[in-house]
Amino acid sequence: MNIDTIVGTAFYLAPEAIRKRTGFEVKRSDLWTIGVITYVLVTGRPPFWGRENKEIIRKIIRGVVRFPTTIKITLQCQDFIHRLLQKDPALRMSAKEALQHPWLTGQELKEDHGDEVLRNLAAYGKASFDIYIYILTHVFCI
4 MNIDTIVGTA FYLAPEAIRK RTGFEVKRSD LWTIGVITYV LVTGRPPFWG
54 RENKEIIRKI IRGVVRFPTT IKITLQCQDF IHRLLQKDPA LRMSAKEALQ
104 HPWLTGQELK EDHGDEVLRN LAAYGKASFD IYIYILTHVF CI
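Each number in our numbering comes from the position in the sequence shown (counting from 1) with 3 added on.
Keep in mind the hints are simulated off the structure, nothing from the lab.
Note that the Cβ used here is the ideal one computed from N, Cα and C, for glycine as well.
Mixed in with the good hints there might be a few duds.
Claimed, not checked - Each pair of labels, with its calculated beta carbon distance range:
hint: 1; residue 1: Gln110; residue 2: Glu58; range: 14 to 22 Å
hint: 2; residue 1: Lys99; residue 2: Arg69; range: 21 to 29 Å
hint: 3; residue 1: Arg61; residue 2: Gln110; range: 34 to 42 Å
hint: 4; residue 1: Phe70; residue 2: Glu100; range: 14 to 22 Å
hint: 5; residue 1: Glu55; residue 2: Lys75; range: 25 to 33 Å
hint: 6; residue 1: Pro105; residue 2: Thr36; range: 30 to 38 Å
hint: 7; residue 1: Leu78; residue 2: Arg48; range: 14 to 22 Å
Stated by the list, open to error - Once the Cα atoms are required to be at most 20 Å apart in a straight line, the calculated EDC-like pairs of lysine to aspartate or glutamate come out as:
hint: 8; residue 1: Lys90; residue 2: Glu100
hint: 9; residue 1: Lys90; residue 2: Asp33
hint: 10; residue 1: Lys99; residue 2: Glu58
hint: 11; residue 1: Lys62; residue 2: Asp33
hint: 12; residue 1: Lys99; residue 2: Asp33
hint: 13; residue 1: Lys62; residue 2: Asp91
hint: 14; residue 1: Lys99; residue 2: Asp82
Given the sequences, and given the hints that come with them, work out the whole structure.
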């Protein structure tokens, strides 16, 4: 895949999506995307950010996932996301493993940051809505 020919949002691309993939890797790519979506829902922003697709893809390939220090995220949640955002598809959780993860099953839950996660999600939704309104009013002059 040529980085210059990517159509769509690069935020959700798995590292192996940049090259030719096997059937096993295609299935694990879906789990990568679930990791990205989970990160966005918990923090209100994507795990790999850049001004253009090339920058985003470089960060995806590097594969370093950091959580904002200003947000309290449970260790179980961080582990869930880290195990889905493994650069190597062979090290990434399977769907079965993800469904049995303590963060999803509620096992060993010692921390509760639910209210903060909801606030982050609401802030993300508000920011997305504000951007949408700005585009409609300033770009399309509606």
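Taking the hints in turn, this is what the structure says about them:
no., hint, result
1, Gln110 <-> Glu58: 14 to 22 Å, "38 Å, violated"
2, Lys99 <-> Arg69: 21 to 29 Å, "28 Å, holds"
3, Arg61 <-> Gln110: 34 to 42 Å, "37 Å, holds"
4, Phe70 <-> Glu100: 14 to 22 Å, "21 Å, holds"
5, Glu55 <-> Lys75: 25 to 33 Å, "32 Å, holds"
6, Pro105 <-> Thr36: 30 to 38 Å, "21 Å, violated"
7, Leu78 <-> Arg48: 14 to 22 Å, "20 Å, holds"
8, Lys90 <-> Glu100, "17 Å, holds"
9, Lys90 <-> Asp33, "13 Å, holds"
10, Lys99 <-> Glu58, "32 Å, violated"
11, Lys62 <-> Asp33, "18 Å, holds"
12, Lys99 <-> Asp33, "13 Å, holds"
13, Lys62 <-> Asp91, "14 Å, holds"
14, Lys99 <-> Asp82, "16 Å, holds"
Hint compliance for this structure: hints 1, 6 and 10 are broken, all remaining hints hold.
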